[in-house]
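K.L.:
Letter by letter, the chains look like this.
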Amino acid sequence: MRKCELRELGRIEYGEAFDLQRRLVAERQQGRIPDQLLIVEHPPTITLGRNGRIAHLLASPDELRRAGIAFYHTDRGGDITYHGPGQVVGYPILDLREWKRDVVAYVRALEEVILGALGEFGISAERVAGCTGVWVEGRKIAAIGVHISRWVTSHGFALNVTTDLSHFRYIVPCGLSAPVTSMADLGCPADHGEVVEALARHFGRVFDCEMIPAMRELESVS
Amino acid sequence: MTDVVMPQMGESIVEGTVTRWLKKKGDRVERDEPLFEISTDKVDTEIPSPAAGVLVEILVQEGETVPINTVVARIEESGDGRVAVEEAPVETPPKAEAPQPLAAASPAPTVAPPPPPAEAAPEAEIPGPISPLVRRMAREHGIDLRQVKGTGAGGRITKQDVEAYLAARAAQAAPPARPEAAPAPPPVMPPPPAVEVPPPPRAERPKARVEPMSIMRQKIAEHMVLSKRTSPHVTTVHKVDMTRVAKMRERYKAEVQARYGYSLTYLPFITRAAAEALRAFPIVNASVEGNNIIYHNEINIGIAVALDNGLIVPVIRNADEMNVLGLQRAIVDLATRARSRQLKPDEVHGGTFSITNFGSFGSLFGTPIINQPQVAILGVGAVEKTPVVVEDDAIAIRYISLMGLTFDHRLIDGAVADQFMQKVKSILENWSEQVL
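Just so you know, the protein sequences line up as chains A and B, in that order.
If you read the first sequence in our numbering, its first letter stands for residue 1, the second for the next number, and so on.
If you read the second sequence in our numbering, its first letter stands for residue 1001, the second for the next number, and so on.
FYI, nobody ran anything at the bench for these hints, they're computed from the structure.
Partial pick of chain A residues on the chain B-facing surface, computed with a CB cut under 7 Å: (1) Asn-51; (2) Gly-77; (3) Val-146; (4) Ile-148; (5) Ser-149.
Derived DSSO-like pairs: lysine-lysine, alpha-carbon spacing no greater than 30 Å straight-line: (6) Lys-1423(B) - Lys-1247(B); (7) Lys-1023(B) - Lys-100(A); (8) Lys-100(A) - Lys-3(A); (9) Lys-1219(B) - Lys-1344(B); (10) Lys-1239(B) - Lys-1385(B); (11) Lys-1247(B) - Lys-3(A); (12) Lys-1425(B) - Lys-1385(B); (13) Lys-1149(B) - Lys-1344(B); (14) Lys-3(A) - Lys-1253(B).
Restraint-style ranges between C-beta atoms, simulated for each label pair: (15) Thr-1265(B) - Gln-30(A): 20 to 28 Å; (16) Arg-101(A) - Ala-1164(B): 24 to 32 Å; (17) Thr-1236(B) - Pro-85(A): 47 to 55 Å; (18) Ala-1254(B) - Gly-15(A): 30 to 38 Å; (19) His-192(A) - Thr-1265(B): 32 to 40 Å; (20) Thr-1065(B) - Gly-187(A): 41 to 49 Å; (21) Pro-43(A) - Ala-1164(B): 50 to 58 Å.
We put the beta carbon where it would ideally sit given N, CA and C, even for glycine.
Could you build the full structure based on these sequences and the hints that come with them?
P.N.:
Below, the structure is given as structure tokens:
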């Protein structure tokens, strides 16, 4: 069975996570490391995808600065999105050639992972045709945006657990004027660690791989 | 000319949008270098170039959406021979390349045909079409392609196959190259010693036995004397608490063994710490040349390996760019090949610092000799459980190792040597991602 290393990195800056992904993608492309699932949390950050429209950012740079929100242009698919405390962000670094050479199937599979995990907490979420992501009663609970280079994935998904939803007022999430929600908002008192465990479990199931702990202390190179 | 097409990034995908060209018309592009980006659904994908050459035409502009397999650009390949033509099947019309009548298939000729020249070898027995590049290489080198084993799709002969064939042919023709230049070549019987051994005049048991030194032993002897004559050696010893590393090693040992097939030792941790400290103290990663100090930009760490009858110091190049797992792999690989005498000459040269782990033989600390032209060597003593006084005057059992830095006092002052060792110690005692 293929192995996927689970790395929980805690709260890190978006830029730092971006650089780490870059490095891991290169190592994965060279076959030097197995598949990876990075789990992080970001400080308040707004990111705009390559094909996103800056018009979907509703705040001026000044307003963002005052609100303590970082802003990044980034190279994933999708439009604009918000990251912040209380959100579980997952960045899988997978070589799709070892799974399925199919980027759409990959995005559907990420949705499946989140649907499965939410199911464990009694939340019945769903897909909405034409609107990638995971939804609960017309409100978006998880966003997805992916980049692929030589079949190796980066970026991924962001699931709102206890996210401060008011921060979404600065953007038109994913360019869609639909409301957002979180697990807490739905009345589910989920613990961050339990959510990560559920996500990892379903990730292993959907991608048919064994989740193993990463040996970070052995792997760091400054 | 190679056509670049809109790739199919999944079964259900019928079209894609070009979001960005990473090269301009007229730019040179290498094979597999990212050429453009496409977008489907919420996925951005970088598409590598299928060939090396010049991007001569862009047919689909940024923002345009086209069905899969639409030609989006053209690449004119350069004729420098580096182009991997054989891997672009579009390029090779399968049949038209064999105009010569095939000996077996041709209708019975009235006169016997002249024996075909080497380059017109019948290709009926060669699996798959032959690419122009392979054909040209065969012609230039006078190769009968039937002798070449094809490893490409369907047994096709690739450029690499031809190169491998040429290499094998050259190896057979030329006398085997002597693995010379290594400071410690395999011990070949040296010419008989100049000393004349007198025949035993008496029947008594001789008081000693005379045996010529192996070449390796002669080199080692020369090197040791040279080093002692060159550098004033000074050694400073520091006590390092390896408890944290020991615990980590315990925690990951089984997984590393299962995953990579080698055991996890202390040495890669120590090498990692030394590489960090060398970065912080470049004078320890230096050499002396006349009145100049040569600061090496690369950190290449030699690891002393004991052989049955000697010693060799293979080098881990750019050790500071490797993590513990990479270092462990390199150490295992170099040590194994050192013992089976398979090191290449350049693997024992170019070191800028050395580590010797006599602790693995039970030594507590030692004063090793510097490996010239380096200026320092780290000697690692055995890691042993030891009672030590910790905070609040309590006594605790810790994994302790005595580590000594032997340094060239021409270049390195005692204070710097001790700062270097404190850095090594601090990294090993507080090991975490943050420290590194």
